[in-house]
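*Asks:* All chains, full assembly: derive it from the sequences and hints.
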Amino acid sequence: MVWHEWGRECLDQGASTLVLLHGGSGSWMHWIRNIAPLVADGFHVLAVDLPGFGDSALPEQGIDVDALIEPLHAAWQATVQGAFQLPRSSKQVSFIGFSFGGMAAALWLAAYPQDATNLVLVGSPGLGIQSPHRVPLKGWRHLATEDLQDQAHRHNLLTLMLHDERKLDDLAMSVHRLNVARDRMPRRRLSSTPIVANALPRIECPVHVIYGEWDALYQACMSEVEKLFKNTTPRLASWQLVEGAGHWVQFEAAEAFQLALKKTL
Numbered sequence: 004m005v006w007h008e009w010g011r012e013c014l015d016q017g018a019s020t021l022v023l024l025h026g027g028s029g030s031w032m033h034w035i036r037n038i039a040p041l042v043a044d045g046f047h048v049l050a051v052d053l054p055g056f057g058d059s060a061l062p063e064q065g066i067d068v069d070a071l072i073e074p075l076h077a078a079w080q081a082t083v084q085g086a087f088q089l090p091r092s093s094k095q096v097s098f099i100g101f102s103f104g105g106m107a108a109a110l111w112l113a114a115y116p117q118d119a120t121n122l123v124l125v126g127s128p129g130l131g132i133q134s135p136h137r138v139p140l141k142g143w144r145h146l147a148t149e150d151l152q153d154q155a156h157r158h159n160l161l162t163l164m165l166h167d168e169r170k171l172d173d174l175a176m177s178v179h180r181l182n183v184a185r186d187r188m189p190r191r192r193l194s195s196t197p198i199v200a201n202a203l204p205r206i207e208c209p210v211h212v213i214y215g216e217w218d219a220l221y222q223a224c225m226s227e228v229e230k231l232f233k234n235t236t237p238r239l240a241s242w243q244l245v246e247g248a249g250h251w252v253q254f255e256a257a258e259a260f261q262l263a264l265k266k267t268l
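Residues in the sequence shown are numbered from 4 upward in steps of one, following my numbering.
If you are wondering where the hints come from, they were derived from the structure by calculation, not from laboratory data.
One thing to keep in mind: the hints can contain errors.
In silico DSS-like links for lysine-lysine, alpha-carbon gap of 27 Å or less [stated by the list, open to error]:
id	residue 1	residue 2
1	K170	K266
2	K233	K266
3	K265	K230
Pair ranges (Cβ atoms, derived) [said to hold, decoys possible]:
id	residue 1	residue 2	range
4	W9	L181	15 to 25 Å
5	R192	H145	14 to 24 Å
6	E8	H136	31 to 41 Å
Each residue gets a CB set at the ideal place from its N, CA and C atoms; glycine is no exception.
*Replies:* If you want it as C-alpha cells, here you go:
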C-alpha cells in the first residue's frame, strides 16, 4: 500500500495528522488542490492510494470496500510504528474520506475506533438512498483513440464529478485520466447499499459531513441524506453543504471546501 506524506515538520509543533482517502477510480490526486493549503495551515498530511487503486496493490481478497478494512488497519498500525514515526499520542488524527474513501473510513472506524479521533465524510455514498436521477456513465477502455476516450472522460466528469462545466480544466482531465487507468476494482457494488448508514451508530468519534450542493449521487434528495445522518449518527458533529459544487467538491470548490473542512478539525 502506497502512502504519500507532506508536512512532517509540522509534527514537531504538535500538529494534527490528516489522513486523506480518495474516491472510487481515484488515487491520492483526488486531493491535489487541497494538500498544499492544508500543509500551509500547519497540518501533517498523509494521503493513501487505497488497495486496488493508484500505485497500491490489489487487496489479497475481495473486490469492494469491505475488503479494504483489514489491510487499511494493518497498514495504519505499521505506519504509526514505522515509516512516518507518528506518535501514538498525536493530538488528533482525522480520517477524511471522499466518496468511496468515505465508505472505507466509516467502516474502518466502526471496526477499529482507536485508529482516529475524528471522521470527516465528503460526498459519501453507501446510505441506501437512491436519487430519482440516473448517473449514466460511459465506458472508455474499448475506444480506439485518445480523442474518443477523452470525450467519454469529459462526459463522465460532468455527469458524476463536477457541476460547473467551467471547472473541467486541464488538471481535472489529467488527474481523471491517470486515475481511471489504474482502477483495478471495477466491480464495486456496495455503494448502492446502506453499508455506511449501518456503520454510523458504531462510530465513537465525532463525525462531520460535507457534500457539494449539487452532488450527482443525491440529486433531488439531499434533504433525505441530511435527515439520515441526523437520525442515525450519535456522534454527528456537523453537516455542511458547499454551494454551487458537485460530487468532487474539494476540487471544484477548493477554497470553499477548505473553509468548511477547517470547521471540522
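*Asks:* Where does the structure disagree with the numbered hints, that is, which hint numbers, in rising order?
*Replies:* Every hint satisfied by this model.
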